[in-house]
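Protein chains: 2
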Amino acid sequence: MQVHIPLKQVVDNSYSITIDSLKPVHFDTKVAIVTNPKVAGLHLAYLLSKITAKELYIITVPDGEEYKNQDSINIILESLFNHKFNRNSLLIAFGGGVIGDMTGYASSIYQRGIDFVQIPTTLLSQTDASVGGKTGMNNSYGKNLIGAFHQPKSVYIDSHFLSTLPEREFGAGVAEIVKMAVTFNKTFFNFLQTADLKDPIILQEAIKQAVQTKADVVAQDEKEKGLRAALNYGHTFGHVIENETKYKKYLHGEAVAIGMVMANNTSVKMGLMSEDEAKSIKDLLQKYSLPVSYEIEDINSFYETFFLDKKSSDSTITFILPLSIGGVKITDECDKELVLSVLKDFGIDS
Amino acid sequence: MQVHIPLKQVVDNSYSITIDSLKPVHFDTKVAIVTNPKVAGLHLAYLLSKITAKELYIITVPDGEEYKNQDSINIILESLFNHKFNRNSLLIAFGGGVIGDMTGYASSIYQRGIDFVQIPTTLLSQTDASVGGKTGMNNSYGKNLIGAFHQPKSVYIDSHFLSTLPEREFGAGVAEIVKMAVTFNKTFFNFLQTADLKDPIILQEAIKQAVQTKADVVAQDEKEKGLRAALNYGHTFGHVIENETKYKKYLHGEAVAIGMVMANNTSVKMGLMSEDEAKSIKDLLQKYSLPVSYEIEDINSFYETFFLDKKSSDSTITFILPLSIGGVKITDECDKELVLSVLKDFGIDS
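Protein chains in written order, with our numbering: chain A, 49 to 398; chain B, 49 to 398.
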């Protein structure tokens, strides 16, 4: 005999991203702001001048991608248990992508899931991690290999926080903005070619365009079963670069910049993109001092590392290849020899 | 400015529970059967005579509630990473509730979520944990405090596995069956009063009724925002008993049995249930040798422990109180003195 469990339901995970100066807000529940000492030192006073709560706690975890791990998650969870947080309590992620991913992940597993709000403080997290609900942590096997899809209740993007952002981190954010434009929006790409993102008004417009582009994609494919994979343009290669350099040499956006150049070269070799288009993307990346080259020591080892990517299966690798500018092809049928020839151009002997 | 992220979607987490002898099945993907040495020794040969896969792995974790923790989750995850499981791979939970909860939780966080199938081997997990998608693990703060809602792809209930089930574990399963009947189905309760669950045919019918009852509730309230909380009848008290006895003295179903008696006494004191009805439930529990009494050392400490329950908030405790038999009242407005007087009847000096 069979019992059917009908769980076809309308689930509303909708939320809003507010791009503006933070307005005062009060939460009538227990709230924990999760941040790191660096962000806290620079901006916590400003945040606390805006946010109040029934009970407000600050949880700090060490700063840096190398601390995006179980130990930091445990720091967050222990604090929630000690302060008897319950299912009505709220977490606020206050920092860059690492803080956002870990806070989201902790809120997804604490008592089977509580709400969280994002207040991203870097350009990268404002444009990319703020949309889509991907949360997680790294482990010894790789990046973001443990995690959950867990949407925030709301996101507040305040460019006030970017005033203290180091140059390299600014560039890393630009890389993801370029990614959105190349894959989905040629008009936006043309805008970026002439825009000066150091101008706060223009930057805010670019953030909005990037967020809107990503929102459109995620709304169509929340759990990354299809189209959303296109946002991994630059990431298939980038993840291997990060893995090989142990997440130390490059910021995530920098690795993605190199990865986009590699993906472009693959597209060019496959006749999907012209050399001029590939060059115009490279030029745009270089305008913001992003790296566009990388010395591959062993192209076969580089190729094998593709298979650890979450987007790959046992025997295939999913490549995200730009079709000209403003379009994208998701394929797991990329000729191995062709990919190796692309890698060879980055080889240490080339 | 604001960007709206529209994530109102129709999500289909529906699945089927098959109550029958296992039929041969082949999975064209990587599969890991997660089990413990005891279940493996008794029943793995039988399972392997039914299930084949493209690649099949066996992961064993230590047997027992005290191992339902991060260490065991890590054993499962490490094995998946070592065998390069990807998003198309599948886990099979093969064991009781502990195995089911941990396998479900591991599958919910591995690469942000992969599929899992449940093949429960105890009466408790067949009737209760098999429906509803609650997954999780314990930690030093309490039971199931870390976890996720993650629905299985399918569940297979084969009474073959119950042939080796110890008497006490059988009773613990009966407790959850009684819970379903008291809260939602008086006809089912009357059936149970005269039924001999040791008869395999009658047992299968009782399992089906229990599963169907729970399925109806979960279908209306997957994430436990309302009605589903009724299934925690006996659990508000039971969790404190488990906590106080450090999960060693009682099986989960046994603690729930005592908890139901406590909830019934509360209902009687509030005029929600007659003494005769409370007695008929107690009699049914005792028919299957379930414990119905517990010596509370300190009623105030017992009361304070309620607040750690996931169903409680900062200042209120949610009680699930039977309304006669076949009905239930979910309330967080239970007079503290009245509850203390119920606890006092179980007090060490009473």
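The hints are simulated quantities; they were obtained by calculation from the structure and are not laboratory data.
Glycine is no exception: its CB is placed at the ideal position from the N, C-alpha and C atoms.
A portion of the hints provided could be inaccurate.
Sample of chain B residues with no beta-carbon within 10 Å of chain A, all distances over it, derived [unchecked claim]: (1) V58; (2) Y158; (3) T183; (4) N187; (5) K297; (6) E345; (7) I347; (8) K392.
Listed next, the in silico DSBU-like pairs over lysine-lysine satisfying Cα-Cα at most 30 Å (straight line) [to be verified]: (9) B/K384 to A/K273; (10) A/K377 to B/K384; (11) A/K71 to B/K56; (12) B/K56 to A/K256; (13) B/K234 to A/K384; (14) B/K56 to A/K201; (15) A/K191 to B/K392; (16) B/K256 to A/K56; (17) A/K191 to A/K271; (18) A/K297 to B/K132; (19) A/K273 to B/K102; (20) A/K132 to B/K102; (21) B/K271 to A/K271; (22) A/K56 to B/K234; (23) B/K132 to A/K273; (24) B/K256 to A/K273; (25) B/K132 to A/K294; (26) A/K102 to B/K384; (27) A/K377 to A/K86; (28) B/K201 to A/K56; (29) A/K56 to B/K56; (30) A/K271 to B/K56; (31) A/K271 to B/K377; (32) B/K201 to A/K132; (33) B/K273 to A/K56; (34) A/K271 to A/K102; (35) B/K56 to A/K234; (36) A/K377 to A/K294.
Evaluation of the provided hints:
1. V58: violated, 6 Å
2. Y158: Answer for B/Y158: violated, closest chain A Cβ roughly 7 Å.
3. T183: Nearest chain A Cβ is 8 Å from B/T183, so the label is violated.
4. N187: violated, 8 Å
5. K297: Nearest chain A Cβ is 24 Å from B/K297, so the label holds.
6. E345: holds, 22 Å
7. I347: At roughly 20 Å from the nearest Cβ of chain A, B/I347 sits farther out than 10 Å, so the non-interface label holds.
8. K392: The assertion about B/K392 holds, with a minimum of 25 Å to chain A.
9. B/K384 to A/K273: violated, 50 Å
10. A/K377 to B/K384: violated, 63 Å
11. A/K71 to B/K56: holds, 27 Å
12. B/K56 to A/K256: holds, 21 Å
13. B/K234 to A/K384: With a Cα-Cα distance of about 65 Å, the restraint between B/K234 and A/K384 is violated, given a limit of 30 Å.
14. B/K56 to A/K201: Given that 30 Å is the threshold and the Cα spacing comes to 13 Å, the pair holds.
15. A/K191 to B/K392: violated, 53 Å
16. B/K256 to A/K56: Holds, at roughly 21 Å.
17. A/K191 to A/K271: holds, 18 Å
18. A/K297 to B/K132: holds, 26 Å
19. A/K273 to B/K102: Given that 30 Å is the threshold and the Cα spacing comes to 22 Å, the pair holds.
20. A/K132 to B/K102: violated, 46 Å
21. B/K271 to A/K271: The given pair, whose Cα atoms are some 18 Å apart, holds under the 30 Å limit.
22. A/K56 to B/K234: holds, 28 Å
23. B/K132 to A/K273: holds, 20 Å
24. B/K256 to A/K273: violated, 34 Å
25. B/K132 to A/K294: Cα-Cα ~19 Å, so holds.
26. A/K102 to B/K384: holds, 24 Å
27. A/K377 to A/K86: violated, 40 Å
28. B/K201 to A/K56: With Cα atoms ~13 Å apart, B/K201 and A/K56 stay inside 30 Å; holds.
29. A/K56 to B/K56: holds, 13 Å
30. A/K271 to B/K56: holds, 13 Å
31. A/K271 to B/K377: violated, 37 Å
32. B/K201 to A/K132: At roughly 34 Å apart (the allowed maximum being 30 Å), A/K132 and B/K201 break the hint.
33. B/K273 to A/K56: With Cα atoms ~17 Å apart, B/K273 and A/K56 stay inside 30 Å; holds.
34. A/K271 to A/K102: violated, 34 Å
35. B/K56 to A/K234: holds, 28 Å
36. A/K377 to A/K294: holds, 29 Å
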